[in-house]
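Trainee: Guided by the hints, dock chain B onto chain D, whose structure is given.
Next come the chains, spelled out residue by residue.
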Amino acid sequence: MTVPRVERPGLYYPKLPATWWLRNANYFRFMLRELSSVFIALFLVVFLIQLHRLPQGPGAYAAYLETLRAPGWIIFHVLALAFALYHSVTWFNLTGVVQVVHLGERQVPPRLVVGASFALWAVVSVVLLWFLLRG
Amino acid sequence: MTEETMTLEVTRYRPGHDREPRTESFTVPYRKDWVVLDALNHIKDRIDGTLSYRWSCRMGVCGSCGMMVNGVPKLTCAAFLRDYRPGPIRVGPLANFPVIRDLVIALDDFMEKLRRVKPWIIRAVEKPVADGEYLQTPAQLDAYKQFSMCINCMLCYAACPVYGLEPAFVGPAAIALAYRYNLDSRDEGYRLREPVLSEAVGVWECTFVGECSVVCPKGVDPAAAIQRSKLAGATDWLLSMIMPWGGRR
Numbered sequence: 001m002t003v004p005r006v007e008r009p010g011l012y013y014p015k016l017p018a019t020w021w022l023r024n025a026n027y028f029r030f031m032l033r034e035l036s037s038v039f040i041a042l043f044l045v046v047f048l049i050q051l052h053r054l055p056q057g058p059g060a061y062a063a064y065l066e067t068l069r070a071p072g073w074i075i076f077h078v079l080a081l082a083f084a085l086y087h088s089v090t091w092f093n094l095t096g097v098v099q100v101v102h103l104g105e106r107q108v109p110p111r112l113v114v115g116a117s118f119a120l121w122a123v124v125s126v127v128l129l130w131f132l133l134r135g
Numbered sequence: 001m002t003e004e005t006m007t008l009e010v011t012r013y014r015p016g017h018d019r020e021p022r023t024e025s026f027t028v029p030y031r032k033d034w035v036v037l038d039a040l041n042h043i044k045d046r047i048d049g050t051l052s053y054r055w056s057c058r059m060g061v062c063g064s065c066g067m068m069v070n071g072v073p074k075l076t077c078a079a080f081l082r083d084y085r086p087g088p089i090r091v092g093p094l095a096n097f098p099v100i101r102d103l104v105i106a107l108d109d110f111m112e113k114l115r116r117v118k119p120w121i122i123r124a125v126e127k128p129v130a131d132g133e134y135l136q137t138p139a140q141l142d143a144y145k146q147f148s149m150c151i152n153c154m155l156c157y158a159a160c161p162v163y164g165l166e167p168a169f170v171g172p173a174a175i176a177l178a179y180r181y182n183l184d185s186r187d188e189g190y191r192l193r194e195p196v197l198s199e200a201v202g203v204w205e206c207t208f209v210g211e212c213s214v215v216c217p218k219g220v221d222p223a224a225a226i227q228r229s230k231l232a233g234a235t236d237w238l239l240s241m242i243m244p245w246g247g248r249r
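Chains D and B, in that order, give the protein sequences. Counted from 1, the first sequence has number 45 at position 45 by this note's numbering; the numbering is strictly sequential. Counted from 1, the second sequence has number 8 at position 8 by this note's numbering; the numbering is strictly sequential.
In isolation and in its complexed conformation, chain D is listed as follows:
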């Protein structure tokens, strides 16, 4: 939402250039994090189509999987995985800033909150892997 600003005569109103995110490393990392959601969203669309193919029979499903074996799709999936990891790692690193946890009167150190988040992520990932790979 953009609210028009009333500009007073005589004052100079600077405009932020479209390339503002190239000004420093923090801005750039922020933009990468934002961009990661595009790849994650695209991956979800591909995954939803895959699920949609499942009830259409083994032939349709196998054909779709075959399509996904094309080099372009493999590159896309590697990129999507890299962005998903980047998004997840930066997200968990920020939990210590956002989530203040108290034990009685004492505040749990933010590093512990971040560590617990990563640990939980690892446990959930291992459980999911076990579930998927057990055959």
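No false leads were slipped in.
So, partial list: chain B residues that the calculated Cβ filter (under 8 Å) puts toward chain D:
# : residue
1 : 16
2 : 96
3 : 100
4 : 106
5 : 165
6 : 167
7 : 210
8 : 224
Hints listed in this document are in silico derivations from the structure and should not be mistaken for laboratory results. Note that this is a predicted model, so its numbers are computed, not measured. Every residue gets a Cβ at the ideal spot worked out from N, C-alpha and C, and that includes glycine.
Mentor: Coordinates of chain B only, in the frame set by chain D:
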């Protein structure tokens, strides 16, 4: 022995004359104990008396001398020339703000936002002075202390691209101060500040770039204050939806 010098490339803007800011170079003596503000004072006293900028305390307390130094928001009283050797040093007005003249920016917008978040202790019923102070434990003080260190220097606004793109955004310092009073055990004004924080240009406008906390000269973490306010607002909304007695406070 020839005196060591440094060059300052200073942004100049004369209202009514210039269509947009331009840059003017000045050569100043280099002293290892000089800060950028000393160099600007040298220019004003010895080279060009028309140079305009704000400053006051020279010790990082008043928050008046914030400017862009080599494109980074800094208190010029704390930016040493020696850290920018051999130069030149680019000095400009704080980014994202309207420029009145040279390095002087318009403060009105920030002052208005500060007033809107009611950064003072609000009580449902004030007790008489004769009844004494509102007491607080050290732990209750610790809960908000870092956010009370804000000196309203506005460096965080200059670092915030969201404010640059959407000037109506309430912004880092004002939200951090609202959060500071919301955390204060003596305060009862959460409900009065909440409408300002929860509007579209309040906390939800923030996309968590985080640069506001990086540039803060007083170690305040406005980005944390904003994200925690989002969490508090969302929890409050959820509770008001599922609990018959509504949200907190």
